[in-house]
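Given the sequences, and given the hints that come with them, work out the whole structure.
Protein chains in written order, with my numbering: chain A, 1 to 266; chain B, 267 to 834; chain C, 835 to 1272; chain D, 1273 to 1407.
A hint or two may mislead.
[Claimed, not checked] Some, not all, of what chain C presents toward chain A, calculated at C-beta under 8 Å:
| id | residue |
| --- | --- |
| 1 | Lys921 |
| 2 | Tyr1046 |
| 3 | Asp1050 |
| 4 | Arg1053 |
| 5 | Trp1060 |
| 6 | Val1065 |
| 7 | Ala1109 |
| 8 | Gly1160 |
[Unchecked claim] Some chain B residues flagged as far from chain A (calculated, every beta-carbon gap over 10 Å):
| id | residue |
| --- | --- |
| 9 | Asp750 |
| 10 | Lys754 |
| 11 | Lys806 |
[Said to hold, decoys possible] If the Cβ cut is set under 7 Å, some of the chain D residues that face chain C in the computed set are:
| id | residue |
| --- | --- |
| 12 | Lys1297 |
| 13 | Glu1298 |
| 14 | Gly1334 |
| 15 | Gln1345 |
| 16 | Pro1358 |
| 17 | Ile1364 |
| 18 | Gly1372 |
| 19 | Ile1395 |
| 20 | Val1398 |
| 21 | Gln1401 |
| 22 | Val1406 |
In short, the hints are calculated from the structure, not lab data. Glycine is no exception: its CB is placed at the ideal position from the N, C-alpha and C atoms.
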Amino acid sequence: METVTITLKNAPALYLEADTISPDAFAGRTAAQIAELPVFEGNVPSTLGKYFSISGDAGQTAADTKIIVKGDMKKVKYLGFKMTAGELVIEGSADQYVGAWMKGGKILAKGDVGAFAATAMKGGELIIEGNAGNYLGAAYRGDWRGMSGGKILVKGNAGADIGMYMLGGEIVVNGNADVHVMTHAEGGKTIIKGNAASKVGGQMVEGTIIIFGSIEVMMPGFKPNGEVELEVEGTRAKFAHFIGDMGERHKKKKGVVVYGNLYKKI
Amino acid sequence: MSEYIIKNGHVFDPVQGIKGDKKDVCIKDGKIVDKVGSSAKVIDAAGKTVMAGAVEIHAHVAGPKVNLGRIYRPEDKLFSCTPTKGIERMGGGASIPTTFKTGYEYAKMGYAVAMEAAMPPLFSRHVHEEIRDTPIIDEGAFPVFGNNWFVLEYLKNQEIENTAAYCAWLLKATKGYAIKVVNPGGTEAWGWGLNCLTVNDPVPYFDITPAEIIKGLIEANEYLGLPHSMHIHPNNLGNPGCYETTLDTLKLAEGYKAKNKFGREQVLHLTHAQFHSYGGTNWGDFESKAKEITDYVNANKNITIDTGNVTLDETTTMTADGPFEHHLTGLNHLKWANVDVELETAAGVVPYIYSPSISVCAIQWAIGLELALMMKDPMRCYITTDHPNAGPFTRYPRVIKWLMSAKARETQINAFKHKDKVLSQTSIGTLDKELSLYEIAQMTRAGPARSLGLTAMCGGLKPGMDADVAVYNFNPDKPVANPDDIEKAFSRCAAFFKSGVQVVSNGDIVSNGNKRTLWVDVKVKENQQVMRDIDEKFIKYYSMTKNNYEALGHHFIPNPYALEVDAT
Amino acid sequence: MTKTVTDVICPFCGTLCDDVEVVVSDDGKQLLEVYNACVIGTEKFLHSQAKDRVTRPRMRQDDGTWKEVSYDDAVEYTAQMLAKAKKPMMFGWSSTNCEAQSVGNEIAEISKACCDNTAATCHGTSLIAVQDIGLPSCTLGEVKNRADRVIFWGCNPAHAHPRHMSRYSIFPRGFFTGKGQMSRKLIVVDPRITDTAKMADVHLQVEQGRDYELLDALRVAFKGEWLPDVVAGIPAEKIREAADMMKSGRFGIIFFGMGVTQSLSKNHNIDEAIAVTKDLNEYTKFSIMPMRGHYNVTGSGEVFAWQFGFPYSVDLTRGFARYNPGDTSTVDLLLRGELDAMFTIGSDPGAHFPISAIKPIAKIPSVCVDPHLTPTTGVSKLHVPVAFNGVEVGGNCYRMDNVPIDCRKVVEPPEGMLTDEQFLIKVRDRLKQLKGVA
Amino acid sequence: MANKISLNLISGRTIQQGVAIEGGKEKPLYRTAAGIIEMDKEDLKKLGAWRNTNVRVSSEYGSVIVKAVEATQGPHPGLGFIPMGPWANAVISDNTYSTGMPTFKGVPVTVEVAINEPILLGIELVQKQCGVKVG
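Structure, rendered in structure tokens:
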């Protein structure tokens, strides 16, 4: 695997849209060619090279390419946009749409990421060592096809609306999550090791939510269904089981109604 | 205006009976002429196909439900908006393109005229604003009448003259083009969450049946002598077994003869026939009844149809058939929008994915093609996708490919997950007919123009007609190496002239044209009773005053073209 | 001598009353009396006649004073600002006509700007919900003619849409509702005992910020499933009663307002309310409608949608339209420091945005087109006064139920004043010169 | 006596605010209509304030002086209501949860008596907070 290191040298006055910072866009290009890839600051078209110093050539394919991003990326959007393979390491924090529409490969963000990370993710792995913003692993506006595969790990806290319209894959938040978890989900799993605010699992058709901490206010559509012992992420514990959202439609599989599952550690 | 001569193209013009002969087409001052001067600009069409501008008889391209589709489907635009090019305004959208993109896409395919298929009268100003912002193509809009309280009340008492006077008033108030009927009576029933599934189901409260509404509106239409006939989306759309309701509907036209000065021969136009040609009793034994429908239509000359071809895309369904959309959202659980319109109509919108892996979708695909292949007279059968219901209009070139190439159909059939089911439930596998370019010109130009009463104006290349001329990169002398070449050729005109202005060159838009709004201005005898009824309904039941109802003024219709009818 | 103009449209709120009568002087220059409008609408018409009205553009000077400039100077400043900016915002559009909105969109396209309307802080979250789940709705005449169940959720028409109840929703006698108010049951959901709630058959005094939970509970109640004893401060029994009342009607309507769009859960509140409506259509007929605020905010959304494909918060900076509130929405863009120019028309963000989002406006080049003095003009570099829409200039507008109504001009604007559309056309033409486009 | 009480603040329309914005936002009537906080009788008592006393309302997002008036659409103990406008917007939450919509309703605030502090006019209040120089 070839490594390309890009370092922010000229910070944008506004924000930079750099959807070309992905192994797919870099693949098969030399450092000089990568410098020519387009980026936008507002309505002004520019090139990666104007903002970043670039060292190292990319591999022949995305899978053979690893990108290390250095410098303050808090005003850079779309890192790892639509990536299908390879690796992206963000040394600090980044703005919105990290790994949005990603299908494969691995992203490691060592700081925080902004809203809309992993929008409609289909596969691959996203690890966020800091905090994640709102709409992590959620669907794009109006789309009923949210995150359908892959894995997201947030070591800090996550914002509101994580896993909205989730269909598959897994989100793990080591810290707390803000309001609305897996709203409208029809599959997939979200684990929150800390506390959840409220509105957890609203309008959920199918899928699994596991909360280790507290839930400020439960949704009335989640009906108590006894207690179970589960092993989650290497922890074995007793959980209160709820099924829901009872207000929502549910499918029948082999004649049995399938509900969403909410487990809360006792 | 400039003069042009389009030289040496293979001309296909059913109006003049020209079947691919090498001919020149001359344009002067916006019209087709016999000859032009030596300074005329020459367009070399050697080895290319030349046809009149195409005519869209039924599409949902402008107005409240189309825009509701745009508003509530941002995902339809995701990654489908591209930077503008040249003189084009920005555009976007896949199944429900923006108005600018709509005009450009039609023009790029060589379309000169498009009819918006369902205008809720109360929203006519909205429809006209969107038409104004759809460049190049001439457009008209069909106000819906089949659930209108005035119509229901007059026809309950068989008052044809009053119905006709009201229709004339509404066409003028809304600047409408034709009498459209959608799920007659059923949409009014939907006001209470109900429906009319046969032509004999009584409409709640109004004490009338769909059959009476349909016959009454045919009579009113012929009483007035409008350019187009009554244009109907029958009851019971989209359900297994619905073909019987369709036949019951068609039979209502028996004995009626067209009366008009526009050259129209039919008294009933059945739209998106594909959705109305289903047999079976459920989705499991769902089957094609295209043969039963085309047998009937082939034998009855006073009917025209359009196909409503399923294109196997993700799209957005939208119709004034409110109860149908509610039924559909129950099937696919996708987002449902509905608008009930006071005293007049309703509309529903639901996204839909016609997946080649689902047998019902594949059978629907086959039925649409069967209809076009089984109709004996291509002048009475027109290609549509009921845009965007069965697929976006931008797929017309693909539909043409399937109709012109048995090989292309076979490739698609083999790609279906449930190929056997498609072959057992339809007869698509037994049809080896391939439509000719002449037949395509009949189905997309001369035919729809005649059905709409526009024969004097468009659909052909006869001197005196509007100079709408499309040149395609398709050489009819050469065998088709790959059916996809047909699709490619019809997707982007080599050149397209609209009313004598070159609007497309090498597939690119080069002019925003001179679009017109077509409407029908009918003079009727003064009718005091109808005027009193209108005043009363506005005071008592409408939420708007009568004086604010009309679509008036340059900001709605900057370039009107009225077809005048004297029914006094 | 005076003359009376009838069928006048009131350009205040989304109710868009079109039965107003206005008495004007014989020369058509003075507006004297207003009939049929509510107290706010009346004030709107009469204030246009204020003697102290600003009638020429003004530039803010370094010392904080205003200097009168010509419309041409104002056009030049505006065009230059838009031509130079990397990410300009063209915000507002809700108190102007569709013709002006259309020209504005052309300008936004040429300058590759962001454009947004006041839905951003009003019913934008409703639009997000509609995009997620749909919207079974109807026109207001349907409510008048058919509705026997009327629910006001998080809205207070007695104050915000004063004639709504008498024209459409509670009092009118329609075709199937001959007994008017007697034929309707009224449910109001609001954390306060509002003047609307005081008229209700049932008032659910919901705990503020827990509408989402209460709506979910209603859906559970429709299905007869288990409920906790109390949800959002309301006992389960009362929720079940309300659910039965909704199900037992023949035609119901939910009107909702800022109580739900601006409270915690925002779009999800509306989403769940729409789901409630959808559920009710399994038992009877039900519709739902946002109580739109500005008289033509709906029209702005319509024009944006047919021209760009999205109803608000549209970003054209890349040369094509994109949309994602949270990224492309005005308040977020301002708070995040993403904008470098602000053009405001037909709205007053200075009065209606959180102060932290107004501060950035004061720091960047800014133009405010508004007939009034407002907090926005108070922080903008250039103030361009224009003729009053719906009073001194007509033009198409859309009511809260999306019904288009063409506004009427009733009096002449003061000598030499431009309309929104006229000013925008000048800006567009100048901008085309600056950008070298045909 | 300087009591301080906590309330949940909401903002919204009133007909008086509607009339005032159409009558001119530079006018004192706008302040009279929207430079107020409607409080429950019980809460006024807790605060130890008479009706029509100037109070300081503070939140995590800012602070503003308004007139405390008795709730007209109550009772609603624990809830404060400032009509929509610059006074409310000085203290409401700008958190949009990435939806574009600030949280205009449901903001924890404190209220304390500030008898001697002036209530600014609408435009003046915004200009001052933005640091706009006024000539």
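Hint by hint, here is what the structure shows:
{"no.": "1", "hint": "Lys921", "in the structure": "3 Å, holds"}
{"no.": "2", "hint": "Tyr1046", "in the structure": "6 Å, holds"}
{"no.": "3", "hint": "Asp1050", "in the structure": "5 Å, holds"}
{"no.": "4", "hint": "Arg1053", "in the structure": "3 Å, holds"}
{"no.": "5", "hint": "Trp1060", "in the structure": "5 Å, holds"}
{"no.": "6", "hint": "Val1065", "in the structure": "5 Å, holds"}
{"no.": "7", "hint": "Ala1109", "in the structure": "7 Å, holds"}
{"no.": "8", "hint": "Gly1160", "in the structure": "6 Å, holds"}
{"no.": "9", "hint": "Asp750", "in the structure": "27 Å, holds"}
{"no.": "10", "hint": "Lys754", "in the structure": "27 Å, holds"}
{"no.": "11", "hint": "Lys806", "in the structure": "39 Å, holds"}
{"no.": "12", "hint": "Lys1297", "in the structure": "5 Å, holds"}
{"no.": "13", "hint": "Glu1298", "in the structure": "4 Å, holds"}
{"no.": "14", "hint": "Gly1334", "in the structure": "6 Å, holds"}
{"no.": "15", "hint": "Gln1345", "in the structure": "5 Å, holds"}
{"no.": "16", "hint": "Pro1358", "in the structure": "5 Å, holds"}
{"no.": "17", "hint": "Ile1364", "in the structure": "6 Å, holds"}
{"no.": "18", "hint": "Gly1372", "in the structure": "3 Å, holds"}
{"no.": "19", "hint": "Ile1395", "in the structure": "4 Å, holds"}
{"no.": "20", "hint": "Val1398", "in the structure": "4 Å, holds"}
{"no.": "21", "hint": "Gln1401", "in the structure": "5 Å, holds"}
{"no.": "22", "hint": "Val1406", "in the structure": "5 Å, holds"}
No hint from the list above goes unmet by this structure.
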